[in-house]
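Following the hints, complete the assembly by docking chain B onto the known chain A.
So you can see what is in the structure, the chains are spelled out below.
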Amino acid sequence: MKLYNTRAVRLLRLVIRSVTKAPQVTIPLFLVLAAIGIAASVYVVFYVAPLEYSYNEAGKLNGSSLFFNQKIFFFHVAHAFWLFGAVFMAGVSSILFLTDRDPVWDDIASAATDVAVAFGAVVLLTGSIWGKAAWDVWWQWEPRLTMSLLLWLVLVGYVLVRRFAGPSADRVAAGMAIFGMVGVPFIYKMVGNDSHPAAGTDGVVATLGPGMRVPFWLSVAGFLFWYLALVIIRVQSTIAEREVRELRERGLDLGVLQ
Amino acid sequence: MAMFRQAARVAWKDLRIELRSREIVYTMVFFGALLVVIYSFAFPHEPRAVRGSVPGMLWVALAFTGTIGLGRAFDRERENDTMRALLLAPVPRLAVFLGKAMSTTALVLAVAVVCTPLLALFLDAPLFAYPGPMILIVVLGAIGISVTGSVFAATLLKVRSRDVLLPVILYPLLVPLFVAGTSCTAALVAEIPNFDAAWYWIHFLGIYDAAFLVLSIWVFESLVIE
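From first to last, the protein sequence lines are chains A and B.
The numbers in the numbering used here rise by one with no breaks, and the one at position 252 of the first sequence is 252.
The numbers in the numbering used here rise by one with no breaks, and the one at position 160 of the second sequence is 160.
Extracted from the complex, chain A is given alone in its bound form:
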């Protein structure tokens, strides 16, 4: 299968090469955009967006009103978005690594997973706080929670494999990323009913109040740039590590180094 020779993959590789070839431009750019986006979303979330509450037909406050607790939603969902973005990125890069054998795909998959572990920890922690406020339990076995947890376990396993599996770690890890990505829908299907605020056209994002959409998308955009900056920094450091190792080996061969 000549997957790596299709036009889409060539274009993708060109984009990635140009992004990673000029890190001195892209990293500060993304970091500045992330800082602006996150700062703006923090401001809008806490000072502009309305508190979340509603009245029932009798004119009394609804018991499900969350007030200030609802603010964590903006950061929780933004992290969850890019957690799944990172898992998808790692899975696709791993497929490309196995067909193409270009180490840059492996670097990207590994960097995306490292960042995804951190984002996943944020998702689980903020989700747990939300759960305590909204459902009065710290943890509930419902699909998206379970899916995030299991996905996070796969990601932690991936990081352990990379760290401890030695020379063939890249292939083992690539297999794990692909299997993990394919497993996601099964995990989602597997656990009973969903007590999350619904997604989709009539779901929570689409039915957000008018004052809540702007902070939501600001936060999503801010954390997107933060995520991209982290991935690029990680890829750069992996490349630098490899170069140092190769230089050291050359130095040893030439007898310059001890």
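Honestly, I wouldn't trust all of these hints.
[To be verified] Short, incomplete list of chain A residues facing chain B, as computed with Cβ under 8 angstroms:
(1) Met147
(2) Leu150
(3) Val154
(4) Arg171
(5) Met176
[Said to hold, decoys possible] A few chain A residues that don't get close to chain B, going by computed Cβ distances all over 10 angstroms:
(6) Thr6
(7) Val32
(8) Leu125
(9) Trp138
(10) Trp139
(11) Ala165
(12) Val182
(13) Val220
(14) Ile239
Since the hints were derived computationally from the structure, they do not count as laboratory data.
Quick caveat: nothing in here was measured; it's all calculated off a predicted structure.
The beta carbon of each residue, even a glycine, is placed where N, CA and C say it ideally should be.
Quick look at chain B alone, frame taken from chain A:
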């Protein structure tokens, strides 16, 4: 068709070695039996509690013995340095993979054949009330464990800490399989058996096995290179 004949030959080679030494099968089955004995001490015996916990016992035993069997089945190739010979054999890699997966499935099923009656005997659990769906779900589970397990056991062959890494990799990926297995078993041993739920999980596991089998066939060749 030739492919399946070659795969069966690889599987038969493994099973014949096994039938002569009986090393893996004896240790796996004995380990499974020990697990069952430990369960009988560790968990309560009231009939109601047993109905709740026996599905978990069965599937945890299959998971533990499955990883042990997988590790040993591939270690044998490494110790005798025969993995290269196997990969060099004039058959497609796919046949090698399918053969390995088949022989491991047979080993996991051997454990199930011993552990399930033992659980039923020691804990007085009604595991054989509906043998048809029960056998089906255990066979599907054994296939799933062996297929995914063979891919990763083969890739970990040259890795030093493979004994620890195999479950670290396998268990998160196999969680849907264990959930399907335990839910189906629980539906069958419940006081009022729920056949709709049981068949739902059998279908679920069938689709899961099919998806991971296709995926394994696709990645095995690129993952296992010597």
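Going through the hints against the structure:
1. Met147: 10 angstroms, violated
2. Leu150: Holds - the Cβ of Leu150 of chain A comes within 8 angstroms of chain B, reaching about 5 angstroms at its closest.
3. Val154: 4 angstroms, holds
4. Arg171: With a minimum Cβ separation of about 5 angstroms from chain B (threshold 8 angstroms), the hint on Arg171 of chain A holds.
5. Met176: 6 angstroms, holds
6. Thr6: For Thr6 of chain A, whose nearest Cβ neighbour in chain B is about 17 angstroms away, the distance exceeds 10 angstroms, so it holds.
7. Val32: 37 angstroms, holds
8. Leu125: 19 angstroms, holds
9. Trp138: 21 angstroms, holds
10. Trp139: 16 angstroms, holds
11. Ala165: 5 angstroms, violated
12. Val182: 6 angstroms, violated
13. Val220: 27 angstroms, holds
14. Ile239: Holds: least Cβ distance 23 angstroms, greater than 10 angstroms.
Of the numbered hints listed earlier, those contradicted by the structure are 1, 11 and 12.
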